[in-house]
Each structure stands twice: as C-alpha cells, then as structure tokens.
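Work out the full structure: start from the sequences and follow the hints.
Sequence order for the protein chains is A and B.
If you use our numbering, the first sequence corresponds to residues 646 to 1062, in order.
If you use our numbering, the second sequence corresponds to residues 646 to 1062, in order.
Everything labelled a hint here was simulated from the structure, so no lab data went into it.
Treat the hints with caution; some may be incorrect.
Any copy will do: because identical chains look the same in the list, a pair fits if it lies in one copy or spans two.
To be verified - Pairs of lysine to any residue, SDA-like flavour, derived with a Cα cap of 20 Å:
hint	residue 1	residue 2
1	LYS1052	PHE978
2	LYS677	ASP723
3	LYS1052	ARG681
4	LYS677	SER725
5	LYS769	GLU787
6	LYS677	ALA711
7	LYS715	ASP673
8	LYS677	ALA726
9	LYS769	ASP788
There are 2 protein chains.
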Amino acid sequence: MALVGVRHATRTRLRAASTAALEWASPDNRRKHASRKWGRFDENLIPLWVADGDALAPAPVREAVAEASKAGIYGYVDPSASLVEAVCAGMGRSWGRPVSTSWVRWHPGLIPALYHCARLAGPKGCVVVPTPVYPPFLNAAEDASQCIELDLGQRGGALDESLLRETLDKAVATANGEDVVLLWCNPHNPTGRVWRRNEMEAVARECASRNVILASDEVWSGLILDEVPFTPAGSLDTDVRLISITSASKTYNVAGLDVAFAVVEDDGLRRRYFRAGRDQAEPSHAGLEALAAILDAEGGGPCVLTPPRGACEAWRRAMVDHLRANRDAAVSFLERECGDLVKVAAPAESTYLLWLDARKLGASPGLFLSQRGVYLTDGAAFGARGFVRLNFCCSRAVLDEGLERIKDACAEARSNL
Amino acid sequence: MALVGVRHATRTRLRAASTAALEWASPDNRRKHASRKWGRFDENLIPLWVADGDALAPAPVREAVAEASKAGIYGYVDPSASLVEAVCAGMGRSWGRPVSTSWVRWHPGLIPALYHCARLAGPKGCVVVPTPVYPPFLNAAEDASQCIELDLGQRGGALDESLLRETLDKAVATANGEDVVLLWCNPHNPTGRVWRRNEMEAVARECASRNVILASDEVWSGLILDEVPFTPAGSLDTDVRLISITSASKTYNVAGLDVAFAVVEDDGLRRRYFRAGRDQAEPSHAGLEALAAILDAEGGGPCVLTPPRGACEAWRRAMVDHLRANRDAAVSFLERECGDLVKVAAPAESTYLLWLDARKLGASPGLFLSQRGVYLTDGAAFGARGFVRLNFCCSRAVLDEGLERIKDACAEARSNL
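Structure follows, in structure tokens:
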C-alpha cells in the first residue's frame, strides 16, 4: 500500500516507549510474533485498529504461560476443578450471589460464544443487535437468524427505553413464536458506554416480560476508565433467561490465547446452549494457565468487583490509568486539531476504543486515513458508515504518531474542500 | 468412580517409560497440565481413549512454543507469509502440483473445519458420513444438514464401490437439488484404513459425476504404520469440488494448540467456504509457531511425501516405529488373552487407534471396561454400538497395564457367562 504525504515513525521512538508497570512490545517484536494488528498491512502504517493492546501481558501471566509451554504437553485440555471454582467464586462476588460450577460453559473465544447465543434464536427466530456495535454481533445475527437493529445512537448516551420496547416488540412479531435473543454489550463496544444499573434493569425487565433471551457480553468490564459502576447482568434481581459471557482477553491482553466462558443459570436454556456447542475448537492450555494466573494473583477474575489485590491487579490499575491518560490526550488533540472532520462521537468511559464521527472525510474514512499512514477500523461493519474506531491501547508515542497522521490527513482533506 | 477388581498401576513404573527419541509425559505431569485424557476420570484408570498421544512434542516444537510464549505477546495473530508459503510448498509436493497460497483457509482445529464443510450442504441438503467414524463427523452432519451413512463395515477393508454409488444416489435424491457433501477420512479413524489410490479415485469420480462436494480429512496422513502409500485427494486427476483439511495435531501431538487448515482450489466453493467461517476462534500463536517449527525442521509439512529430513522428521519416524510395535503387541495380546470377547476388528495400518469388537461384553463395552480400570472410547458415538476404540499412543508400560486390565475384565465377564 502506498503512503501519501506522511512522516514515517522512527522505530527508535516507538521502541523506547514504556512505563514503570507496563511494558510495550516493539512493533518489530509484535510482527515477529505474527501480530495481526501490526503485520497485516504496510509496516509504515500506525495500526490503531483491531481491539488488541500493545502491552505485554502481566508478568504472572507470562510466567505461567511460559512455564506451561516449556513442558511440551500440548494435548486436549479440560479446565481444572480449581480453575472452575475460582471463576465461579469471582463471578459470585461480582453478582452478589453464589454461582454454581455447573453453570459454566467454556469457549475458545468470545466470537464462538456470540454465535452460540445467536443460534438459540434459530433461522426463523430473531436476534436483536444494538448498533453501532463491533462486527461479530451483526455477523452472528445475520448468519444464524433474522436480525433487527436497535439504534443506540452514536453518542454513547443513555438508553432510549421506549425504542428498546418498540424494537423488542418488532422482534417478537418477526420471530412469530420462535425465540428472540438480545445480544447486549456491557460495557459497549465501540461507544464505551457503561450501562447504568437502571438501564440494565430496564433491559432485563423488557426481555423478561417478552421471554426474550438476554446474552450479555461483559468482556470489557475490567477496563472502566471513569467513576461509573459496572452492573453485571447476573447481579440484577430478575427472572430473565440470561447468558453472561466474558473473558480475560481484553483486560489482560490475552485475546490470542483462546479462552472465554459463559455462565447460564437457567437449566433448560443451559442444556440447549451446551448442546449447540459441538462445533468448536478447544480452549487452549496456555489460555487456561493464563486465566488461572490472573485469578490466583488477584483473588478474583475478569468480572470481580471485590477489593482486588496482587500483581495482575496492580498491572490492570496501571493499564486503566494509562488508558485514561491516552484517551484524554486523544480527545484533546482531536478537538483541537481536527475540527469537525474527525469528531469524538462518544466519551469512552470504558474500553480502549474511541468512537469517531468522520463522515466529513467521506463514506470510507477508514480507507482515507489508511492511505495517509494510520489504520483505524472503519465503521461500516459496525452498522455506522462514516465513523471510525480508534484503539488507544498502545504506548503514548505510538498514539501521538497516529494522531499526528490523522491531523495531517484532516489538513489535506480541508485543503481539498 | 469405583474400581472393581483391578490392580493399580504403580506410578514409578509409568513414570520411568521412555525411549531414546521419544519422551513420555508422566501421568502426574499430564494431569498438572490440565490433560483431558488423564484428568477427566478417576486417576486410577488407565486412559486409552481420546485421540491424544502421551509423548512430549518434538524438541524443535517445544523450543519454538516456549520461546514464543516467553515473549508475552498474546494478541490476535495472522499466519506469516513464510508459513503460508511453507504449507503450500508441502501440500504442493504432496499433491504433485502447485498449490496457491490463496487457496488456504486457517482454522482453530479440525472440528470447526468439519462443521464448515458440513454447513455447505445446508439444512435442506445432505451430508454423507462413512461409518464407523469418529464422532465429529456424525455431529457435524446432524447439526448442519440431513445425514446419510455410508456403511464401511467394521473391518477396515476395501471400499464397496457399488454401495458408495447407491448411497450417493440416495443422498442426491434426499438433497433434492441442494448440495451434497461427502465427509471423507483418509486415513480412516477408527479403522486405520489407508485408502488405496483406486479407492480414492472411485470416491472422487463418483462425487464428481454427481457434483457432490468431497471434504477429505487427512489429519492422520503422517502416521502410516504399514507399507501402504497415502493418496491425498488433491493428488488425483479429477474435477471434483474438493476441500482438503489437515493439521499437525495428530502427527506431532499438538492437538491443543488450535491450528488446522483447509485447502480449496475451486474459486466458487472457496468463496462459500470462506464466507461461512466468521463464527470461529482464532488460530493460536503457539500453534502457528509449532507448525512453522515442524515445516522448517523437516522441509515439508504434515502431508509432505517428499524425502523428509530434520529433527521433527526423526521424531515422527521414531513415533511410527513405536506405534507399530505397540500395535503389534496389542494385537497379539488381545488375540492371545481375550478370545472372542474383545476382538481386533480392523488392522490399524495407520493412526494410533485400534478398533475392537467387544459386542460380547454387552451394549456398552466402554462403560464395562471403565468400571474395571481401563478407559477406551465407546463405539456408540461412532455409529457402532458394541465396539470400542483403543488409543495406543502411549508408553509401552501404560499400554501393557491397560491390556492387563482388559484381560482381567474379559476373565470376569467369562466367569459370569
């Protein structure tokens, strides 16, 4: 891919970036280790796209994975009883009530789990997908069932309850007696919305009253940047048929280790959910070891809300501080330098994703920017043409370089207006 | 689970087993590393079930995986260009013609790949499954489509071409204009049949003449124990719509590393196949590193037929020798000690699986034997009630202990007749 009018990042500058607690992989090292984020495109591009952070995983995770890998035993694995208990203990603390080990279904990732959920509706049922949303939601709904979008707006604002009711009613009518599944994302990707307790209650209530299955993807719950409490769907006082899915993948930067899990309390729903899972790959040994190290180190889990401790928790807090600073820097920079060409659409109170309105750059702003040296995820696959998603889980040096390129691209666009 | 009348294996005896080239993981070590094979059931059971070997992976694989794991970079990965080229070079040598890098689709395992293939038929089409067969074939067919069985017999013998034609005709009629997929397994699991060239030609010809899609699972091609040449479907002179799927998982004992791939030459079929793949987990970084080490070390690949070299190839040859000796020992022992209660059904000219006729032990011989200290896979899920599959990829000490328990179980059954 040709680069037009961009300054090339100096490798030294990127490589030197680090903080006391967090260590950043160098671009060369990431490419050496087959990184999709850094390796898929021209190496002069600054990659601020796929939701994969640039930090090395926490030290206890690295040690556990390296130790397990050295042993040379790479056969089929089952999560150990102690790991399942640790997961349930963490979920239980987060939910404020006991979580049985029999409710857990392991997955090799969040995407297979989302497909599982969507398939519960079946081809004649209906899946409701709140948009904008990260692409696997729409893919799973379209591949498995009939799909109806719930328009959240682009601003990461409060839930429109009357629109929720109207959309669910429409889905129930479309399903015509078959199942309806609402795929929910809390915190929401890409807007970063941490759904408030009253909003989560409304979602559960409206689903329950229509017998709609609620699938709550809570993979971002460990990365909340502002003072907004996270409300797991499992903590609600409700009789909604609920599937909670999560993973350590985003919080601890281990998305390639292929481990996620679902928790399903309802017996009948769980049997259907489990039965639909014969198509999947195995969770990986390294991923299970990583999860055990995280739970062991912090005494909790990716969703735990009890007072945390340990090395992984210190790492997570350092990461949250870093992400907050990166977000604030990106927001200030874009507001100052990019005017209305690339506007911050939503406040990113969680995640490491900034949702940007770039409609003035044309229908494919992702492509426009990539041709000018910075790769963001285009909004089209999120159901939001003209928007882009910026991943700020990187060193400040990489972020700054990426922002400069966005600024230059805006200057070029402005001069052509 | 209670054990009835069995001698317990001494741990020391099991732990000491090793050969010059192969290293056997101790049961304790396998359990420590979350092994499903060793950990799922009572620890006094000898586990000769799931198709997962007890040997440590070859040294170059262990070094590559350990080195990659140490780096602490566990994000999303793409196979490197050099890895894709090495895979295609190996497949090309095996097929005797060039294989384009654009034909390759990566999977996190063989099972997701089988589901991909079966879904091409769709719910109104038909999938033909040769039985007995390892359970994911039947699962994929039943979950995705209408399923018709092609009875191979239990003896791992020659293909009945007239039954093949009859079954394919029935499938085409059932599909009524929709697609038909034949899921094929070469070499065959569980009988170990290495399909001869004339049989593979017949399969391809009969599929091609009915426009049936042929999906050839060739994951066992690296473990052929007798002097029988392996014929990859891709090496045939045919215009059948073909999907070849394979993995290093069985040959090099890395099934938990979550990497497999398909090669699809036909453009239209490949587009459909690729499009159906959005539901999957990521191939793992460790698995890609392992595959690169295998290809680099032997200059070939799991399917390569060219003269091999290097450390992984020496390991594979030692493994084949060990498996042949284990197979021969098991066959002699069973014929000598078990009479007609547990009979060798098929000759296992490949794989590390011995297909046994245990119908005289009742309808659930797997359960009967497991209650007597040795766990084999029951044939019911293979479409063959009364049969069991014995996995002999273990140290000779473990195998001997398992065989003794089978003998004792037979003696008990005989005394109750």
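Each hint tested on the structure:
no.	hint	result
1	LYS1052 / PHE978	within (9 Å within a copy, 76 Å between copies)
2	LYS677 / ASP723	between (30 Å within a copy, 11 Å between copies)
3	LYS1052 / ARG681	neither (25 Å within a copy, 53 Å between copies)
4	LYS677 / SER725	between (32 Å within a copy, 9 Å between copies)
5	LYS769 / GLU787	both (12 Å within a copy, 19 Å between copies)
6	LYS677 / ALA711	both (17 Å within a copy, 15 Å between copies)
7	LYS715 / ASP673	between (24 Å within a copy, 16 Å between copies)
8	LYS677 / ALA726	between (36 Å within a copy, 12 Å between copies)
9	LYS769 / ASP788	both (12 Å within a copy, 16 Å between copies)
Of the numbered hints listed earlier, the single one contradicted by the structure is hint 3.
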